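K.L.:
Those sequence lines, one after another, are chains A and B.
Each residue of the first sequence is one higher than the last, beginning at 1 in our numbering.
Each residue of the second sequence is one higher than the last, beginning at 1 in our numbering.
Simulated from the structure, these hints should not be mistaken for lab results.
A couple of the hints might just be wrong.
As the list claims (entries may be wrong) - If you anchor each label on the Cβ, the simulated ranges turn out as follows: (1) B:273 - A:39: 41 to 49 Å; (2) A:455 - B:470: 42 to 50 Å; (3) B:225 - A:114: 36 to 44 Å.
Claimed, not checked - Computed, partial: chain A to chain B, Cβ under 7 Å: (4) 78; (5) 476; (6) 482; (7) 486; (8) 489.
Every value quoted in this text rests on a predicted model; they were computed, and no experiment measured them.
Virtual Cβ for every residue (Gly too), placed ideally from N, Cα, C.
Listed below are the residues making up each chain.
There are 2 protein chains.
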Amino acid sequence: MNGAECLLRTLLANEVDLCLMNPGTSEMQFVSALDRVPRMRGVLGLFEGVCSGAADGYARMTGKPAATLLHLGPGLANALANLHNARKARSPVVNIVGEHSTQHLGYDAPLTADTEAFARPVSGWVRSLERATAMGEAASAAVAAALGPPGKVATLIVPADFSWSEAGEPACPAPRPSRHLPSNEQLRASAFALRSGKVVGLLLSGSALQTCGLLAAERLSAATGVRVFADRYAARISRGGDVPGVERLPYFPEAAQALLAGFERLVLVEARPPVSFFGYPGLRSSLAPAGCAFDVLASEGEDGAGALEWLAQELGARPSGGATPGPLRPALPSGEPLTVAAVGRTLGALLPEGAILSDESVSSNEQIWPHLAAARHENLPVTGGAIGQGLPVALGAALACPGCKVVALEADGSAMYTLQSLWTMARERLDVTIVILANRRYRILDIEMRRTGAGTVGRRADKMIDLTHPEPDWIKLAEGFGVQAARAATADEFIREFGAAMREAGPRLIEAVLDLPKGR
Amino acid sequence: MNGAECLLRTLLANEVDLCLMNPGTSEMQFVSALDRVPRMRGVLGLFEGVCSGAADGYARMTGKPAATLLHLGPGLANALANLHNARKARSPVVNIVGEHSTQHLGYDAPLTADTEAFARPVSGWVRSLERATAMGEAASAAVAAALGPPGKVATLIVPADFSWSEAGEPACPAPRPSRHLPSNEQLRASAFALRSGKVVGLLLSGSALQTCGLLAAERLSAATGVRVFADRYAARISRGGDVPGVERLPYFPEAAQALLAGFERLVLVEARPPVSFFGYPGLRSSLAPAGCAFDVLASEGEDGAGALEWLAQELGARPSGGATPGPLRPALPSGEPLTVAAVGRTLGALLPEGAILSDESVSSNEQIWPHLAAARHENLPVTGGAIGQGLPVALGAALACPGCKVVALEADGSAMYTLQSLWTMARERLDVTIVILANRRYRILDIEMRRTGAGTVGRRADKMIDLTHPEPDWIKLAEGFGVQAARAATADEFIREFGAAMREAGPRLIEAVLDLPKGR
Numbered sequence: 001m002n003g004a005e006c007l008l009r010t011l012l013a014n015e016v017d018l019c020l021m022n023p024g025t026s027e028m029q030f031v032s033a034l035d036r037v038p039r040m041r042g043v044l045g046l047f048e049g050v051c052s053g054a055a056d057g058y059a060r061m062t063g064k065p066a067a068t069l070l071h072l073g074p075g076l077a078n079a080l081a082n083l084h085n086a087r088k089a090r091s092p093v094v095n096i097v098g099e100h101s102t103q104h105l106g107y108d109a110p111l112t113a114d115t116e117a118f119a120r121p122v123s124g125w126v127r128s129l130e131r132a133t134a135m136g137e138a139a140s141a142a143v144a145a146a147l148g149p150p151g152k153v154a155t156l157i158v159p160a161d162f163s164w165s166e167a168g169e170p171a172c173p174a175p176r177p178s179r180h181l182p183s184n185e186q187l188r189a190s191a192f193a194l195r196s197g198k199v200v201g202l203l204l205s206g207s208a209l210q211t212c213g214l215l216a217a218e219r220l221s222a223a224t225g226v227r228v229f230a231d232r233y234a235a236r237i238s239r240g241g242d243v244p245g246v247e248r249l250p251y252f253p254e255a256a257q258a259l260l261a262g263f264e265r266l267v268l269v270e271a272r273p274p275v276s277f278f279g280y281p282g283l284r285s286s287l288a289p290a291g292c293a294f295d296v297l298a299s300e301g302e303d304g305a306g307a308l309e310w311l312a313q314e315l316g317a318r319p320s321g322g323a324t325p326g327p328l329r330p331a332l333p334s335g336e337p338l339t340v341a342a343v344g345r346t347l348g349a350l351l352p353e354g355a356i357l358s359d360e361s362v363s364s365n366e367q368i369w370p371h372l373a374a375a376r377h378e379n380l381p382v383t384g385g386a387i388g389q390g391l392p393v394a395l396g397a398a399l400a401c402p403g404c405k406v407v408a409l410e411a412d413g414s415a416m417y418t419l420q421s422l423w424t425m426a427r428e429r430l431d432v433t434i435v436i437l438a439n440r441r442y443r444i445l446d447i448e449m450r451r452t453g454a455g456t457v458g459r460r461a462d463k464m465i466d467l468t469h470p471e472p473d474w475i476k477l478a479e480g481f482g483v484q485a486a487r488a489a490t491a492d493e494f495i496r497e498f499g500a501a502m503r504e505a506g507p508r509l510i511e512a513v514l515d516l517p518k519g520r
Numbered sequence: 001m002n003g004a005e006c007l008l009r010t011l012l013a014n015e016v017d018l019c020l021m022n023p024g025t026s027e028m029q030f031v032s033a034l035d036r037v038p039r040m041r042g043v044l045g046l047f048e049g050v051c052s053g054a055a056d057g058y059a060r061m062t063g064k065p066a067a068t069l070l071h072l073g074p075g076l077a078n079a080l081a082n083l084h085n086a087r088k089a090r091s092p093v094v095n096i097v098g099e100h101s102t103q104h105l106g107y108d109a110p111l112t113a114d115t116e117a118f119a120r121p122v123s124g125w126v127r128s129l130e131r132a133t134a135m136g137e138a139a140s141a142a143v144a145a146a147l148g149p150p151g152k153v154a155t156l157i158v159p160a161d162f163s164w165s166e167a168g169e170p171a172c173p174a175p176r177p178s179r180h181l182p183s184n185e186q187l188r189a190s191a192f193a194l195r196s197g198k199v200v201g202l203l204l205s206g207s208a209l210q211t212c213g214l215l216a217a218e219r220l221s222a223a224t225g226v227r228v229f230a231d232r233y234a235a236r237i238s239r240g241g242d243v244p245g246v247e248r249l250p251y252f253p254e255a256a257q258a259l260l261a262g263f264e265r266l267v268l269v270e271a272r273p274p275v276s277f278f279g280y281p282g283l284r285s286s287l288a289p290a291g292c293a294f295d296v297l298a299s300e301g302e303d304g305a306g307a308l309e310w311l312a313q314e315l316g317a318r319p320s321g322g323a324t325p326g327p328l329r330p331a332l333p334s335g336e337p338l339t340v341a342a343v344g345r346t347l348g349a350l351l352p353e354g355a356i357l358s359d360e361s362v363s364s365n366e367q368i369w370p371h372l373a374a375a376r377h378e379n380l381p382v383t384g385g386a387i388g389q390g391l392p393v394a395l396g397a398a399l400a401c402p403g404c405k406v407v408a409l410e411a412d413g414s415a416m417y418t419l420q421s422l423w424t425m426a427r428e429r430l431d432v433t434i435v436i437l438a439n440r441r442y443r444i445l446d447i448e449m450r451r452t453g454a455g456t457v458g459r460r461a462d463k464m465i466d467l468t469h470p471e472p473d474w475i476k477l478a479e480g481f482g483v484q485a486a487r488a489a490t491a492d493e494f495i496r497e498f499g500a501a502m503r504e505a506g507p508r509l510i511e512a513v514l515d516l517p518k519g520r
């Protein structure tokens with residue numbers, strides 16, 4: 001079989017059965033092979049960042065990679081921002097990037113670029129295929145590299161002639177890795193830290209923030225009094241229902257540093273030492289107090305949940321005595337203006353059990369978070385901070401979990417970067433509800449302008465932050481991509497629209513026109 | 001003054017007075033400084049590829065760089081595809097990329113990335129600022145590097161603390177370079193080639209494709225019989241009116257190779273040896289015949305028009321005897337279905353004198369080109385082939401040339417990658433008319449599927465090429481961004497809408513729903 005078919009069949013052998021694509025001439029053989037390899041699902045994105053972000057969302061929900069199919073160096077370039085986010089999420093992703101045929105590469109054709117150089121900053125593994133007959137082996141190697149653990153972005157660059165040449169049979173699948181418990185030494189060092197009499201905190205990230213890890217951490221906390229914190233930039237946090245709540249580190253460094261003040265040791269569970277999102281004049285970047293010591297209970301590729309379970313047993317925590325009653329859902333607002341809090345309460349009240357929430361709400365995030373403590377859902381936060389993550393991640397999560405309601409929480413600024421996602425949601429009839437928090441500004445920048453010491457926002461600076469003149473009309477934009485849409489300007493209108501979206505399947509966008517305090 | 005103000009003032013001293021921006025926290029000082037440096041025009045883009053593509057378009061029309069202001073590595077990543085196009089266009093562009101503050105860079109914050117690595121593949125010059133007091137000097141060095149000649153993408157990476165720290169006075173401007181005539185040796189070698197009795201062609205690119213170069217080439221051709229060809233991927237081609245026409249190399253290699261068959265020497269004027277856009281099974285990538293020799297009359301950074309003028313005099317060409325009557329404008333179609341040819345004839349008939357045409361029409365390009373031979377306009381073609389160029393280039397050209405009508409010719413596939421450009425056109429009230437050639441497919445891929453030997457398009461492959469289910473509604477998309485829009489489904493409707501757009505200023509989009517031959 002030719003290289004393209006060999007690659008698709010090898011991916012399938014590796015349980016990679018979704019390919020998010022924006023193909024061009026050099027990838028035609030892969031597109032054609034879809035008809036001979038029907039188990040591979042091809043999903044078209046109208047912009048490459050949609051494909052890469054969707055692969056991230058898919059990986060966060062399944063733990064396994066989707067493939068992307070991208071057109072040469074410049075196609076990969078358009079995918080990079082969301083691959084940066086996937087890298088920070090430790091999501092396994094397999095990029096297949098078409099390249100000019102080998103004889104053509106020597107010429108400086110218009111689309112010729114240094115594809116490997118584009119790939120390297122975001123990829124844990126990069127390989128340019130050397131010959132057609134290496135296709136199967138290389139595809140399995142890419143999947144193995146992507147799976148880690150921890151998950152990585154693996155990029156396989158395939159010259160077009162290797163796709164159309166004879167490549168032999170598909171390769172054997174790569175072994176499926178599993179996360180191992182940390183070494184006894186590591187486990188005992190953390191147990192020692194918790195028994196040290198010092199003020200110790202646990203910082204959880206990665207797989208430790210899913211249900212098993214959170215349950216073990218809660219038992220540990222009950223037994224030892226250790227405070228448990230969540231990395232706010234983890235790929236996924238299980239929340240609500242019977243899942244124990246976890247305190248998330250605040251966004252701004254002052255608040256985070258205040259929360260961690262007095263801690264003498266932090267035990268890291270698949271987490272790195274906590275750091276501020278941005279640096280500011282006169283502020284420390286590290287969120288832990290000066291002199292705080294760090295113990296690594298589990299590194300990023302290890303089994304943090306298992307390690308927490310071991311630690312709980314070691315320290316004499318009692319087995320979980322059945323479900324602790326969680327917090328109650330908030331009451332729906334009524335007759336109120338549509339504030340950020342009203343949106344949060346509505347989401348918290350109406351989010352169906354088992355929903356997935358892709359959250360890229362930027363300036364509103366801190367106010368909405370507490371209202372979602374009761375609703376049992378999977379939260380997919382910002383990881384790498386490259387804007388344009390939320391819609392594609394929601395798209396990928398919906399592809400991963402048919403039957404689950406997916407909600408994407410966006411700002412009118414952040415939703416703009418990869419809005420082409422809406423079209424793929426419409427085409428694939430995905431069950432995604434998009435809430436656009438419309439404040440008509442890059443509102444976070446109003447705050448950051450002061451914090452970075454840049455002063456007040458003058459008339460000309462304001463034009464770079466203001467999103468009016470003209471106001472984007474999200475109803476028309478959504479409908480332009482084939483997604484049903486409605487606008488809500490009061491809490492009651494939002495309740496009606498969001499409630500309807502929760503009851504019915506299919507993509508839908510709600511523009512929540514926020515009632516904002518005067519004078520910003 | 002602080003670093004941000006020093007940088008803006010140094011750019012102004014270098015005649016760089018336009019900054020296309022999508023700023024974030026690390027660039028707040030630059031945004032704030034706009035109020036203290038009012039001669040610097042800030043223009044907001046809602047996606048970074050809009051900014052970089054607009055800088056390319058601006059440079060093609062003015063010969064000087066605009067600045068972009070981008071947010072960290074991931075913001076730069078979103079700009080890369082159009083920076084690839086700018087690089088291939090040899091457009092001078094100055095990227096200012098904000099970076100984390102130096103003390104923050106040591107931490108692995110979410111947005112931390114290898115910004116230099118993102119910059120290198122597209123940049124002829126990259127520098128990470130070493131200290132605040134080097135700001136002025138570095139900004140002038142960036143402009144000097146961008147100007148070349150030939151023009152380059154220059155990327156200056158500025159840690160946030162150098163923006164907010166004292167940086168001293170703005171630097172002296174860099175010397176303005178000019179293109180030099182090639183060496184006497186080069187000139188004489190080309191003269192020798194033209195006198196050699198061999199079958200010789202001239203291939204023009206770069207500045208040689210503007211009026212002076214084309215006039216000199218015409219005189220040379222009249223005197224010696226040499227055939228003159230245009231690089232189809234040049235940044236800008238002057239066309240119509242009194243400007244001599246020039247034969248463009250065809251897109252597909254078979255046609256281009258047939259055109260160049262029999263040529264024994266090609267004299268390159270700011271051009272490289274011609275090469276096929278893609279490689280295909282069994283086809284040569286070089287468009288010149290095997291054994292064809294190349295002479296370089298002028299390299300990319302040299303004065304090709306001046307060299308042609310020298311050559312014309314040297315070979316005894318008579319001075320131009322006044323304007324030769326150019327071709328006539330095509331007749332308007334009437335009562336016809338809206339074919340690609342009907343669109344071409346309408347454009348050719350109604351394009352106002354002095355218009356600018358940004359052309360990213362892909363599969364329709366070859367059919368439209370001949371109809372535009374009479375209308376005096378500046379044509380801005382695809383250069384690097386990274387899709388998403390056309391709308392931003394039109395935006396930048398409109399910023400460069402207020403008072404000129406700008407037309408962007410797009411396909412419904414290609415317009416999708418950087419459609420956020422529409423919002424900036426609306427905000428800045430730019431005189432851009434966008435024609436969307438809606439064939440509801442990545443139509444070029446139907447052709448390429450056969451050409452790459454991938455065979456026919458089966459049902460599942462078709463889904464990756466088809467843009468229906470749902471059909472994007474370009475009227476709603478345009479209106480969603482604040483741009484007036486209309487649909488045309490017959491030639492008469494298109495004439496009415498395009499005519500109205502030519503008579504009135506301001507942004508406007510026309511969706512031309514093409515009547516396509518059955519069975520594709």
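K.L.:
For each hint, tell me whether it holds in the structure or not.
P.N.:
Results of checking the hints against the structure:
1. Under the hint 41 to 49 Å, the C-beta atoms of residue 273 of chain B and residue 39 of chain A, about 45 Å apart, fit the expected range.
2. In this structure the hint that residue 455 of chain A and residue 470 of chain B lie 42 to 50 Å apart at CB holds, the actual value being about 46 Å.
3. As the Cβ distance of residue 225 of chain B to residue 114 of chain A is approximately 42 Å, the hint placing it in 36 to 44 Å holds.
4. This hint holds: residue 78 of chain A has a C-beta 5 Å from the nearest C-beta of chain B, less than the 7 Å allowed.
5. With a cut of 7 Å, the hint placing residue 476 of chain A at the interface with chain B holds, because the nearest CB-to-CB distance is about 4 Å.
6. The interface hint given for residue 482 of chain A is met, as the beta carbon of that residue sits about 3 Å from the closest beta carbon of chain B, less than 7 Å.
7. Below 7 Å, beta-carbon pairs count as interface contacts, and residue 486 of chain A has none with chain B, the closest being about 14 Å; its hint is therefore violated.
8. With its C-beta approaching chain B no nearer than about 18 Å, residue 489 of chain A sits outside the 7 Å limit, and its interface hint is violated.
Violation of the numbered hints given earlier is confined to hints 7 and 8; the remaining hints are satisfied by the structure.
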